[in-house]
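K.L.:
Please work from the sequences and hints to get the whole structure.
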Amino acid sequence: LLFEHCPPASVVVSLLSLNKVTLFEMENFQGRKCELMDENPNVTEKELDKVGSIQVEAGPWLGFERQAFSGEQFVLEKGDYPRWDSWSNSHYSDSLLSIRPLLIVSHRYLPTKGQWPWDSADHKIHLFENTSYGGRKMEIVEDDVPSLWAHGFQDRVASIKALNGIWVGYEYPGYRGRQYVFEKGEYCHWNEWDASQPLIQSVRRIRDQQWHKRGCFEES
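One gets the working numbering by counting positions in the sequence shown from 1 and adding 2 to each.
Don't read these hints as lab results, they were simulated from the structure. Glycine included, every Cβ here is placed at the ideal spot set by N, Cα and C. Treat the hints loosely; a few may be bogus.
Below are the BS3-like pairs computed for lysine-lysine, each with C-alpha atoms no more than 30 Å apart in a straight line [to be verified]:
1. Lys52 x Lys126
2. Lys35 x Lys52
3. Lys22 x Lys126
4. Lys22 x Lys139
5. Lys186 x Lys163
6. Lys139 x Lys163
7. Lys80 x Lys163
8. Lys52 x Lys22
9. Lys48 x Lys22
10. Lys22 x Lys35
11. Lys48 x Lys35
12. Lys186 x Lys126
13. Lys186 x Lys80
14. Lys126 x Lys139
15. Lys80 x Lys126
Simulated restraints on C-beta separations [unchecked claim]:
16. Val143 x Arg34: 23 to 33 Å
17. Glu29 x Glu194: 30 to 40 Å
18. Gly176 x Thr133: 21 to 31 Å
19. Asn132 x Glu185: 17 to 27 Å
20. Ala70 x Glu29: 33 to 43 Å
21. Met39 x Gly136: 37 to 47 Å
P.N.:
Structure, rendered in structure tokens:
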């Protein structure tokens with residue numbers, strides 16, 4: 003993240019303290035557990051052989067299929083996930099071996115008010131048909147889009163510019179299939195978001211759970 007004004011250390015600590023997740027070794031929140039408030043590149047080092055269920059007290063978080071934040075991605079917002087298929091939309095893998103928090107904060111600091119404008123209204127993402135930002139372009143501002151086709155855009159998305167906010171794209175309509183998280187930045191080729199092909203058919207914005215209740219979008 004790029005900030006126009008650097009936040010004081012106390013603000014950084016406060017932001018990090020907003021994140022809390024509990025990982026359980028067994029389904030339905032049973033067995034050994036560990037609580038995290040920061041990223042962990044290898045959850046098996048926390049006395050867990052595997053992750054069978056998850057409780058997110060404050061988030062959102064981003065889980066990964068493999069260690070070192072690699073492989074399939076899983077968006078974990080505030081709530082309970084009693085078994086692996088409750089966080090994996092694709093149902094390809096039941097493995098979650100690394101996890102990190104997603105920091106939702108605007109890029110602007112308001113020094114006159116001494117506060118961060120949480121979850122500001124500037125969320126915008128550009129989707130491009132071809133690599134290197136070529137071909138047809140679709141701009142999404144604020145809204146969740148359960149079907150790109152329904153908005154007059156094709157399912158081929160080969161490059162992306164995430165101008166503000168954190169977004170997640172899905173393989174299929176209705177927020178189904180593999181998930182790809184886009185934090186602020188430019189992605190000139192689909193392999194930069196670890197996809198095997200340029201296929202995205204629905205997109206939604208990840209919201210700050212302090213201000214938006216989970217369930218502001220519908221899955222189908």
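K.L.:
If a hint holds in the structure, say so; if it doesn't, say that too.
P.N.:
Here's how the hints hold up against the structure:
Taking the CA atoms of Lys52 and Lys126, the gap is about 36 Å. The hint is violated against a cut of 30 Å. Using a Cα cut-off of 30 Å, the hinted pair Lys35 and Lys52 holds, with the two alpha carbons roughly 10 Å apart. Taking the CA atoms of Lys22 and Lys126, the gap is near 27 Å; set against the 30 Å cutoff, the hint holds. Proposed proximity of Lys22 and Lys139 is contradicted: the alpha carbons are some 37 Å apart, above 30 Å.
In summary, the hint linking Lys186 to Lys163 is supported, as the alpha carbons are separated by about 8 Å, within the 30 Å threshold. For the hint linking Lys139 to Lys163, the alpha-carbon distance of about 10 Å falls within 30 Å, and the restraint holds. Taking the CA atoms of Lys80 and Lys163, the gap is near 26 Å; set against the 30 Å cutoff, the hint holds. Straight-line distance between C-alpha atoms of Lys52 and Lys22 comes to about 19 Å, which keeps the hinted pair within the 30 Å bound.
As the CA atoms of Lys48 and Lys22 are separated by approximately 15 Å, the hinted pair is consistent with the 30 Å bound. Simply put, Lys22 and Lys35 have alpha-carbon atoms about 13 Å apart, close enough for the 30 Å limit, and the pair holds. With a C-alpha separation of about 9 Å, the suggested pairing of Lys48 with Lys35 holds against the 30 Å cut-off. For the suggested pair Lys186 and Lys126, the alpha carbons sit about 9 Å apart, so the restraint of at most 30 Å is met.
Between Lys186 and Lys80 the CA atoms are separated by roughly 21 Å; this keeps the pair inside 30 Å, and the hint holds. Proximity of Lys126 to Lys139 is assessed by CA-CA distance (about 13 Å); at most 30 Å being required, the pair is judged to hold. For the proposed pair Lys80 and Lys126, the alpha carbon gap of about 23 Å is at most 30 Å, so the pair holds. At roughly 44 Å, the beta-carbon separation of Val143 and Arg34 lies outside the given 23 to 33 Å, and the hint is violated.
For the pair Glu29 and Glu194, the supplied restraint of 30 to 40 Å holds, since their beta-carbon distance comes to about 34 Å. Checked against the given bound of 21 to 31 Å, the beta carbons of Gly176 and Thr133, roughly 26 Å apart, stay inside it. Separated by about 22 Å at the C-beta atoms, Asn132 and Glu185 satisfy the suggested range of 17 to 27 Å. The beta-carbon spacing between Ala70 and Glu29, approximately 25 Å, falls outside the hinted interval of 33 to 43 Å.
For Met39 and Gly136, the Cβ-Cβ distance of about 42 Å falls inside the hinted range of 37 to 47 Å, so the restraint holds.
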